[in-house]
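**Q** This is what each chain is made of:
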Amino acid sequence: MNAPVVPHVPVTPSFAPARQREVVDALRRVVPAPCVLFDEEDTRPYECDGLAAYRQLPMAVVLPENEAQVVAIMRACLALQVQIVPRGAGTGLSGGAMPIADGVVLSTAKFNRIVRMDQASRTAVVQPGVRNLAISEAAAPHGLYYAPDPSSQIACTIGGNVAENSGGVHCLKYGLTVHNVLRVRMVTIEGEIVELGGGALDAPGLDLLAVFIGSEGMLGVVTEVTVKLVPKPQQARVIMASFDDVVKGGNAVANVIAAGIIPAGLEMMDKTSSRMVEPFVKAGYDVDAEAILLCESDGTAEEVEEEIGRMTEVLNASGAIAIACSQSEAERLRFWSGRKNAFPAAGRISPDYYCMDGTIPRKRLADVLLGIAEMERKYRLRCANVFHAGDGNLHPLILFDANLADEFHRAELFGAEILELCVAVGGTITGEHGVGIEKINSMCVQFSPVEREAFFKLKRAFDPAFLLNPDKAIPTLHRCAEYGRMHVQRGQLRHPDLPRF
Amino acid sequence: MHTPLIESFRERIAQGRPLQIRGGGTKDWYGQALTGEVLDTRGHDGIIDYEPTELVITARCGTTLAEIDAALDAHDQMLAFEPPSFGGAATVGGMVAAGLSGPGRAAAGAVRDFVLGAVVMDAQGEQLHFGGQVMKNVAGYDISRLLAGSLGTLGLILEVSLKVLPRPVASSTRVFDIDQAGALRLLNQWGGQPLPLTASAWTNNVLTIRLSGARAAVDAAVTRLGGSELANGADFWRDLREQQHAFFAQPEQALWRLSLPSVAAPLDLPGAQLIEWGGAQRWLRAEPGLDAAAIRAAASAAGGHASLHRGGDKQVGVFHPLSPAVMGIHRRLKQQFDPQAIFNPGRMFPDL
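Read top to bottom, the protein sequences are chains A and B. Note that my numbering has the first sequence beginning at 1, numbered continuously upward. Note that my numbering has the second sequence beginning at 502, numbered continuously upward.
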């Protein structure tokens, strides 16, 4: 990914050599020597995840081969009070797997086996390092697939998906990771093996599985996951509709849903985005339209036919200036290619880009887009907006050049202000990428001190030693106080001079 | 107008004595024994926000399910997990706390899958907001989903936001004469095919299924699967949801709920059975003399768990015992969120 690349945190080692030796020795006692990396040339590839602007060289990296080794690593780290950052494929976009300076990165790379594929019960038992797409590929011969399809699905792992509660373009209809995982087996910092959920649809006691999913590697290290598989739809077709006004496009989305239709995919792109991608992929987008809507239907042939007809009617009535419906699988993929290549296209027209991930009530879309347009002028940076319109998840792509003085800084401020706007209109700072290290300050805006303390209480129930990815996702009071010196908290906006809607 | 109630909730909590949080009281029979003074949530009611086009409804805890259903009905929408109400007084707060889902669960998801956000009063009387009113939200731990099925043991739920879905355009209820093993085989086969199968029930050698969705999809499935049409299908599924179906009309017998992998073989336990959720939920009216240990052993062996849903002797423990590691997390969570054990102590497990 062509994410921003300006290192603005120290990249040099910041641990004592004696401590490193102590920790490496302890790890080598419990895993084979080649599974522990500590030379800078070996640990350098782990210094960041998909959010390359945030880097930190870890003291050591450990790659356990089995669950017994994970248990032993946890116990060794607890004994030495070493912090652990779990890591899957490192494709995350919020710095959730960014190392801690004097901590250990625990990679699940060697947990790459599909343990069991069960056609009868429509489930797969997989190790956390198995790639998202690999599950669907293995299930395909049975006519089944794993529904959540984050854009990084060829590379990202199921363990990472569990940590982030990943979604994808089909989640309005098929749900997020939390809706598609039946069981997680994990190891706590104390080295206890814990099973959450199970082979049934529910488990006794509190629904710990629901809260574990999306916990950003802060509660335990996953060693096995049981996922639900669903029947592959026989057919899918997509409608591409153009609008001369983004508000009309937003209203069209509302009208489709009001008509009782839950499309398999419902995506919107603004003009900046379609102009950015069209020369790159030739998807056939109308580059003069203010908004392009992609509206997908899947199911049996009869079902798709019926739904496409109803959606076309609604889109026409909502003022679409042009409508095209895919007539073949090749055409369907071409219509989607523009949306799916929005990020690479951003990388093509701009040296760097910064991808935001707020979710808003859809009815506030016009207000938010107007607010972003205002910010483009204020920060003197362009922004392309792609929108999972069905579920309100907005991905503004802020375009900048890290080599130009202060552009990254402006991009960061721009991003933080977009997130504040998302919170102000009743939304959230992250829909699917996670908080990680990137949005940790914005958590101070969205949650009050007592709410953040409740998160810490939850963490203490799983990780009393506070050693699992401790500096991510939930900011301390101290951090929020620092942030608050420049930014006012919830309900009060930072820039009272700017119009808000 | 709701501030005085919030203030009274806060005062009750500040007294530090055990509280039995209660909405309509329609599920007083569920869970372990009730202890503590009743804290009645019913006055804190009303739909706060309902945006049909956003697919979200937000309501105060004391709002009745009947009021919510009526509001959704007016826009042809529904709670797709079909929660049982067990009486007209049932409230949305109680529904989330009980965490019970109805016939649609296997196809659509459970209560927790539709909880988008919640406002909770904690043991210090503070109001905490978790989640929100949007579909996708990964900011902070997903505590609002943890509340579903928590039986009020973590805090007082004040408000909830729920995802809603359109009502299916078409629906058909089909009936087949078939034994249990055959029904389980069929249900699991069908589950792996792209069929609009949204509910199922097998008992007494009759399998009843609901096909619902787009008109064309339902028609095609009816042609393909056959069976005979059951008139008044909606009444059948409502009675099943509310346990008004004849199977449940034996209150003197202990009613067990076994939650199992859908492919689990027929259970060899004495007592009548009714199977829902494509095989994943099995109701057992236990014959007198059948002890809890045998039922739990059978459920465990099949890869699931068993709870004493209604009736019977609660001394045996209503819910399936947890593994020591999972119980440890439960204890620490309770200690963290409710150190004085004010909220529904002992409702889920006697010593929690």
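For the record, the hints were derived by calculation from the structure and aren't laboratory data. Do not rely on the hints blindly, as some may be mistaken.
[Unchecked claim] Covered stretches of chain B (in silico footprint by chain A; criterion: 3 or more residues with CB under 8 Å from a CB of chain A, positions within the stretch not fixed): (1) 516 to 530; (2) 558 to 569; (3) 732 to 739; (4) 757 to 766; (5) 788 to 799; (6) 831 to 838.
[Said to hold, decoys possible] Examples of chain A residues toward chain B, derived with CB under 10 Å: (7) Leu78; (8) Pro231; (9) Gly434.
Using N, Cα and C, we set each Cβ at its ideal position, and we do this for glycine too.
**Q** None of the hints should be skipped; say for each whether it holds.
**A** Taking the hints in turn, this is what the structure says about them:
no., hint, result
1, 516 to 530, "violated (count 0)"
2, 558 to 569, "violated (count 0)"
3, 732 to 739, "violated (count 0)"
4, 757 to 766, "holds (count 5)"
5, 788 to 799, "violated (count 0)"
6, 831 to 838, "holds (count 6)"
7, Leu78, "15 Å, violated"
8, Pro231, "4 Å, holds"
9, Gly434, "5 Å, holds"
Violated hints for the displayed structure, listed by number in ascending order: 1, 2, 3, 5, 7.
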